[in-house]
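Protein chains: 2
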Amino acid sequence: MNSNQSGNCDRTQNNTFAEQPIGIFDSGIGGLTVLREILNLMPRENMIYLGDTARVPYGIRSSETVTKYAMENTEFLLGKKIKLIVVACNTVSAISLDTLKKKTDVPVVGVLFPGAEAAIRSTRNRRIGVIGTETTIHSSAYHRAITSLNPETEVLGVPCPLFVPLVEEGWTDGEVTRKVATRYLEGLKESNIDTLVLGCTHYPLLKGIINEVMGDGITLIDSAVETARVVGEILKGAGLLRKNDAPPERKFFVTDSPDRFRKVGERFLGHKIEYIEKVEIPVI
Amino acid sequence: MNSNQSGNCDRTQNNTFAEQPIGIFDSGIGGLTVLREILNLMPRENMIYLGDTARVPYGIRSSETVTKYAMENTEFLLGKKIKLIVVACNTVSAISLDTLKKKTDVPVVGVLFPGAEAAIRSTRNRRIGVIGTETTIHSSAYHRAITSLNPETEVLGVPCPLFVPLVEEGWTDGEVTRKVATRYLEGLKESNIDTLVLGCTHYPLLKGIINEVMGDGITLIDSAVETARVVGEILKGAGLLRKNDAPPERKFFVTDSPDRFRKVGERFLGHKIEYIEKVEIPVI
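Residue numbers (the working numbering), protein chains in the order written: chain A, 2 to 285; chain B, 2 to 285.
Incorrect hints may have been included.
Chain copies aren't distinguished; within one or between two, either way the pair holds.
[What the hints assert, rightly or not] With a straight-line cut-off of 25 Å between C-alpha atoms, the simulated DMTMM-like cross-links for lysine to aspartate or glutamate are:
(1) 273 x 135
(2) 237 x 213
(3) 69 x 118
(4) 237 x 174
(5) 252 x 65
(6) 69 x 278
(7) 208 x 170
(8) 264 x 65
Honestly, the hints are just simulated from the structure, not real lab data.
I would like the entire structure built from these sequences, with the hints used as guidance.
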């Protein structure tokens, strides 16, 4: 009787918990490519997105600063009673994920491990390329993640600092971007890799050009797609997928320039941003 | 007797004051092009440079946020007992200069008015182009400054968001940058301007390519050169040029990533950065 009551109670609690939103943060708008894939896979979920646009970009900052900002963003999302946190930023995933996991009782999913696992599943010749911001590549975090899964894999990292500004400018196609991509990727192309990880959330918007430059023989790993898959598995495994049929809530918070976020962000997200609010993130 | 004493005292005070450094700040490394021109013109001066690299770039932030950061940077420099402040950032000069002037008793020189004045002196057909970050151009501050000097002048502003990342990547020459410049500048080239203001402190490093794309008929106005000239005039007029022959002090403060600042910054400055320190800017 007691155990039955407790079982009912757990189920009720679980149903309430399942209603709570998924929290997702990034330094800016890049994480919207991850949100997009999560919404594709789990369109019923309530979502809260935080873009720390007052302090973007994280990719050029020191590790210490990145972790400080990431902890502040996490505290903000925990205050919104989220059921799971997605760190939709490669730089933070590369540097600060362990620190964030220690701070919170809800699951924390980064974009790095899902991408690393997919790369290991994809490669045949155990030669994997990774492209990302300077900080992500120089942290060697992808190298560590991939070789922890299979030590006999060779990982070649190349920073592509101009890709983010090109995407934000909307130049996701055309001659200039093709030439920039050719210059960044020519070394990787000649290095006999068979798999390339897009290690920055902006890069899915350049998939067409990257694919064109690298050629069909090389499999591109889109961390956004892989991360959405892992989020789905965790929520399903814990019985925390939302079951309610009421329309889901999607709220966007930014620390600066909501108009610019909306304008550029709708291109990343692929649909309208209705609710957006500028907030101050309390400094820890 | 009394007046003589007072005169000696003033002169002594003035000499002491002249020893104090010029303070200069920017959101990052761009302002080093301004510092470079000041050092060219006044090599004896003591200098303190603050690069707010933890919060760079300002050019994509809201006006409110830019002014808040600028006020915090100004407080930091005033704490170092500087004799004059140079706002070596077009975004701040465009948005926050009046607020900063109200806050301080030492002269505050922005990069915007010196550039606007030089453009007015240069133009023959009263058609002036201005290039800069999105925030600088959309603020219309150059337009206001130039037309306040001569209301019959036509001002055409074009934002060039990719120029800053290209310069920071070190791609100040070559095909990609030439194509980007051609795309941004083609409208201005056809618009019959005779003078073009480089309204961003990074752009002097692209002078070669911009000149090549625009052609010889168009005079480029380098705000860094013009600002240094105005600083010299103010200090000379107030009898505050340093007279001491002892080697001058040059100190650099940054809010994040001193190693990256030193590496990229020495290219901007044209010589070694010896003393560099990471600091926390107190939030107002």
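Each hint, compared with the structure:
| no. | hint | in the structure |
| --- | --- | --- |
| 1 | 273 x 135 | between (31 Å within a copy, 23 Å between copies) |
| 2 | 237 x 213 | neither (36 Å within a copy, 60 Å between copies) |
| 3 | 69 x 118 | neither (27 Å within a copy, 43 Å between copies) |
| 4 | 237 x 174 | neither (37 Å within a copy, 53 Å between copies) |
| 5 | 252 x 65 | between (29 Å within a copy, 23 Å between copies) |
| 6 | 69 x 278 | both (22 Å within a copy, 19 Å between copies) |
| 7 | 208 x 170 | both (16 Å within a copy, 22 Å between copies) |
| 8 | 264 x 65 | between (31 Å within a copy, 19 Å between copies) |
Violated hints, listed in ascending order, are 2, 3 and 4; each of the other numbered hints is respected by the structure.
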